[in-house]
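If you read the sequences in order, they're chains A and B.
Heads up, the first sequence is in our numbering, so the first residue is 22 and it goes up one at a time.
Heads up, the second sequence is in our numbering, so the first residue is 22 and it goes up one at a time.
Watch out, some of these pointers could steer you wrong.
If several chains are the same, the list does not tell them apart, and a pair holds so long as it fits within one copy or across any two.
[Stated by the list, open to error] With a straight-line cut-off of 35 Å between C-alpha atoms, the simulated DSBU-like cross-links for lysine-lysine are:
(1) 40 with 283
(2) 203 with 446
(3) 305 with 168
(4) 92 with 322
(5) 326 with 168
(6) 50 with 276
(7) 305 with 40
(8) 442 with 294
(9) 79 with 446
(10) 284 with 120
(11) 40 with 276
(12) 203 with 50
(13) 362 with 40
(14) 120 with 450
(15) 168 with 456
(16) 92 with 203
(17) 203 with 322
(18) 40 with 442
(19) 481 with 244
(20) 390 with 450
(21) 446 with 276
(22) 507 with 456
(23) 168 with 507
(24) 427 with 179
(25) 276 with 168
(26) 40 with 294
In short, the hints are calculated from the structure, not lab data.
2 protein chains.
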Amino acid sequence: MSEVRFRRISAADFFYRNKDIAGFDNPAKATFTITRELIENALDACDLHGILPELEGKIIEETRGLQIEVKDQGLGIPNEHIARAFGQVLYGSHFDEEKQTRGVFGLGGKMAVMYGQITSNTPCYVESSTSSKGPTHWVELRIDIEKNRPIILSEGTKKNNGWRGTLIRFSFEGNYSYARPKILEYLRQTAVICPYAKMRFIEPNGEEHVWKRVSTKLPPIPKPMRPHPEGVDLERVRRMRESGEYGTARELLTKGFQRIGKKTATNILYLTKRFGDEILPETKVQELTDRQIHQILSATKQYGKFRAPDASCLSPVDEELLERGIRENFSPEFVTTHMGKPASYEGHPFMVTCGIAFGGDIPFSLDGKVHLFRFSNKIPLVYDARGGLCADVAENEINWSVYGVKREDPIAVYISLATTKTPWKSTGKQAFGDKPEIRREILNALRNCGRDLRQYLRRKQKLLEEERRTAILERWLSMIIRDAAKLIDEQNPPPVSLLVKAPKESETQTPEEE
Amino acid sequence: MSEVRFRRISAADFFYRNKDIAGFDNPAKATFTITRELIENALDACDLHGILPELEGKIIEETRGLQIEVKDQGLGIPNEHIARAFGQVLYGSHFDEEKQTRGVFGLGGKMAVMYGQITSNTPCYVESSTSSKGPTHWVELRIDIEKNRPIILSEGTKKNNGWRGTLIRFSFEGNYSYARPKILEYLRQTAVICPYAKMRFIEPNGEEHVWKRVSTKLPPIPKPMRPHPEGVDLERVRRMRESGEYGTARELLTKGFQRIGKKTATNILYLTKRFGDEILPETKVQELTDRQIHQILSATKQYGKFRAPDASCLSPVDEELLERGIRENFSPEFVTTHMGKPASYEGHPFMVTCGIAFGGDIPFSLDGKVHLFRFSNKIPLVYDARGGLCADVAENEINWSVYGVKREDPIAVYISLATTKTPWKSTGKQAFGDKPEIRREILNALRNCGRDLRQYLRRKQKLLEEERRTAILERWLSMIIRDAAKLIDEQNPPPVSLLVKAPKESETQTPEEE
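Input sequences plus hints: build the corresponding full structure.
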């Protein structure tokens, strides 16, 4: 019988051992994942804080491997947090806020740094400034994976030319040519959903891609919210008790949650007697046992319908922005967008914005399916487009012929979901799971877009027909006038203005009926 | 501009916040996941250590929710480790061993305990004994999720009736009726791949399912191995340096790795000069810089082909066991199995065992596709059967008609992969990714099975035809004999023994030609 040795490993070690699962399974995939993670962190550092994003990304070829650098003009990271923000797993700034962000755990950035370190054996360079005045701080670090902590190799300050933001740079073993199509597609779609961002990206061969800012309108800054009573569990409420912020049980409910007023709180507490001894509103929170907290949760569940959660923790892209993004990047003949009202599933607020583009640079459909673009909290989902809720709604539930769309028509569909908790279909985080409330909102927004499209296509059809009829009439009319003129005065033809598009002599046979 | 607050969260907290991704998104899925995790832990506690598994699982209905209990006759957990083995995330016994196990991080069991705690507010009860003599130890615990540590609520010892093993029991919010089909299918397939296990499972309604042990042959006990040079990275080798176990650079290579002898080590070190100053064989490991370790890795990569990794770290199910498992659980008319030779991908050893079953209780194919059963390290994969490498090989690459199989034929295909590192297709861990080496081995094993099946089907066909011909001949023959007998002696018919199945008088018309 073998001997068994027990020990613990650090969080960094766990993620290092599972790096393939996080998108670092091979050099090509890692190249894409690293680029994506750094771009997302850079965007979060800007638009979450009301700053119009301006990013510069660059990948260069080195003797062995690649080097990436991403620089933003965002909020910057305070000096004392720089090393841990990039060198310690499960250390970050978004953990406790119930609001929409791109990355919640900041895990991706650190995985990227770890991957760089393991494959290139070079440190990661980070420079940041939280103010355009004063110097910038820089750190050269590596991650002690076994202990999950940053090791600062060197650090210092630099003179600053009025820059505020963060720059990160490190080397890694990559494969740019394989990753290239996905990276460029990812950046293009990012430009669609963040048309207020200015992005520059330089490829290893020196080719420069620029996405200019086409709107200075930012989505609303998401505000952290208290939790909705339908979205909490025992652990969450235990922590509220532990926090010491609430005096009485009633206060725990009214101040700890959104959508619970004094009266509702009293009613909920009254209901607790169904699950044990009634908990009185004036009971001290500090004295509540776990059992009593469980009772309150059960009573809350039983109490039932609360108003939908407050959506000011969301930062959705609105109709105007999405339209600008689509127009600028796809140059369609026609585009329409619709944003739904705030809604919620399982206590989590969400909003859906959809768009449809037709013609122009949108390619024809080769398989009878619409071109589908999906976004989760302003992140383009570039994998698994045919899986999940969006494809199901756009391909199966919507009957496009109702809107005058033919099988091969050049049509693109854009679905953007803003929420505090994306319902992923699987751990791959590339497709939405089926939540009836979200399905309904997507369907609704797409149908609205569809009606606009139908109207446009009808008008277009009508215009085309009128043009055709006008053309025919013109031909006949000019002949009639010419012939009439001949009858009146061979020497004196009618004024040219009457001869709209007069046919040449050689063409003056009677046109065939069409 | 909003204020940003940085802080760290514990590993337990991270997994708690991501519990939906680990299969705990709703009560039904959680019921399945909890059952699966506990069964796998119980099996690992037995067959990894050469113990014939004997498990008892039970789910009962409580006033609110469900309670699960799983008891094994495995190795048991030493008293001092019990609480942490179930109450601390990233604490376990499989982290450092390069060998085949079901669960590597023991994460699933702790997620299950956390889920139970959050949804039921009751502690988890664990009892264990590492010897059939002496008392058993029991612990009632909960997990402090914020700090990632177990809190022991009470503990003690009990008199032991000769039991060695582990028992775990806790309550949770579940939905048994929705989870039931998946749970029973999972258990049945576990019985297929572990026919040497004895399992008993009692459903909430009291229904009892028993899978008896049909073989006492255990798969080999996997032996921990030194890493293969193709399967390591910088971090791994740095840790080998840190361990202090190796004296010189040459020793690091020959003793730290498998498949590197003294000569190969010398050659690799000689190659290091291509990546900087040559590292001499006698260089002290403690004095190697990270840069030099990187050099050694680069030289190793450049050195190229090593012998395939040692497969004694694997514990594959062999042909005989798989056949027993299939026969017992599917009662097919015919079954054949094939095990491939040890092979490797990217430095990780693997072995493939495949089986084909035909007829009997195997249902007919309704969609022209074979019934597919997949196993990863003796774990049945019950989701996403149509995705991934196995389905691709079994449905697209194999031309079943070559083996005499018709579209609707009742045929089932079993693919079992044993490896130290399963190449998952996605983070959902339900399908294999495409590794050419594994594809080749599966294809090869299935073709071998296919040839056996063809032979069987041909023989069967031949037998059927012979039977038919015999039947016809018999009929004719008996008539000829009867008529001949009439000619010879009306009063004295030939002996009965000549009249094989003599037709009745009424049937003695000439049978039609077939």
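Here is how each hint holds up against the structure:
Proximity of residue 40 to residue 283 under the C-alpha cut-off of 35 Å is restricted to the inter-copy arrangement: shortest distance 32 Å between copies versus 48 Å within a copy. Taking the shortest Cα distances, residue 203 and residue 446 sit within 35 Å of each other both inside one copy (21 Å) and across copies (18 Å). With identical chains, the CA atoms of residue 305 and residue 168 are at most 35 Å apart between copies only, with a shortest distance of 25 Å across copies and 40 Å within one. For a Cα distance limit of 35 Å, the shortest separation of residue 92 from residue 322 across copies, 34 Å, qualifies, whereas the shortest one inside one copy, 47 Å, does not.
For the homomeric pair residue 326 and residue 168, the shortest alpha-carbon distance between copies (34 Å) is at most 35 Å, but the shortest distance inside one copy (46 Å) is not. For a Cα distance limit of 35 Å, the shortest separation of residue 50 from residue 276 across copies, 33 Å, qualifies, whereas the shortest one inside one copy, 46 Å, does not. For the identical chains of this complex, residue 305 and residue 40 are inter-copy neighbours only, at 31 Å across copies versus 46 Å inside a copy, given an alpha-carbon limit of 35 Å. For a Cα distance limit of 35 Å, the shortest separation of residue 442 from residue 294 inside one copy, 32 Å, qualifies, whereas the shortest one across copies, 52 Å, does not.
Taking identical chains as interchangeable, the C-alpha atoms of residue 79 and residue 446 lie at most 35 Å apart whether they share a chain (32 Å) or sit on different chains (30 Å). In this homomeric assembly, residue 284 and residue 120 come within 35 Å of each other (Cα to Cα) only inside a single copy, at 27 Å, whereas the closest approach across copies is 60 Å. In this assembly of identical chains, the alpha carbons of residue 40 and residue 276 lie at most 35 Å apart only when taken from different copies (27 Å versus 41 Å within one copy). Taking the shortest alpha-carbon separations for residue 203 and residue 50, both the intra-copy value of 9 Å and the inter-copy value of 33 Å come in at or below 35 Å.
Only between protomers do residue 362 and residue 40 lie at most 35 Å apart by alpha-carbon distance; the minimum there is 29 Å, versus 39 Å within a single protomer. In the homo-oligomer, the alpha carbons of residue 120 and residue 450 lie at most 35 Å apart both inside one protomer (19 Å) and across protomers (30 Å), since each shortest distance falls under that limit. With identical chains, the CA atoms of residue 168 and residue 456 are at most 35 Å apart between copies only, with a shortest distance of 33 Å across copies and 40 Å within one. With identical chains, the CA atoms of residue 92 and residue 203 are at most 35 Å apart within one copy only, with a shortest distance of 21 Å there and 49 Å across copies.
For a Cα distance limit of 35 Å, the shortest separation of residue 203 from residue 322 across copies, 28 Å, qualifies, whereas the shortest one inside one copy, 44 Å, does not. Taking the shortest alpha-carbon separations for residue 40 and residue 442, both the intra-copy value of 23 Å and the inter-copy value of 12 Å come in at or below 35 Å. Within a single copy, residue 481 and residue 244 get their C-alpha atoms no closer than 43 Å, and across copies no closer than 73 Å, so neither meets the 35 Å cut-off. With identical chains, the CA atoms of residue 390 and residue 450 are at most 35 Å apart both within one copy (23 Å) and between copies (29 Å).
Proximity of residue 446 and residue 276 under a CA criterion of 35 Å is satisfied intra-copy only: 33 Å inside one chain copy versus 45 Å between copies. With identical chains, the CA atoms of residue 507 and residue 456 are never at most 35 Å apart, being 75 Å at best within one copy and 84 Å at best between copies. In this homomeric assembly, residue 168 and residue 507 never come within 35 Å of each other (Cα to Cα): the closest approach is 101 Å inside a single copy and 102 Å across copies. Neither within a single protomer nor between protomers do residue 427 and residue 179 lie at most 35 Å apart by alpha-carbon distance, with minima of 60 Å and 75 Å respectively.
Proximity of residue 276 and residue 168 under a CA criterion of 35 Å is satisfied inter-copy only: 26 Å between copies versus 39 Å inside one chain copy. When the C-alpha separation of residue 40 and residue 294 is checked against a cutoff of 35 Å, the pair qualifies only between copies, where the shortest distance is 31 Å, while the shortest distance within a copy is 49 Å.
In this structure, the hints that do not hold are numbers 19, 22, 23 and 24, in rising order.
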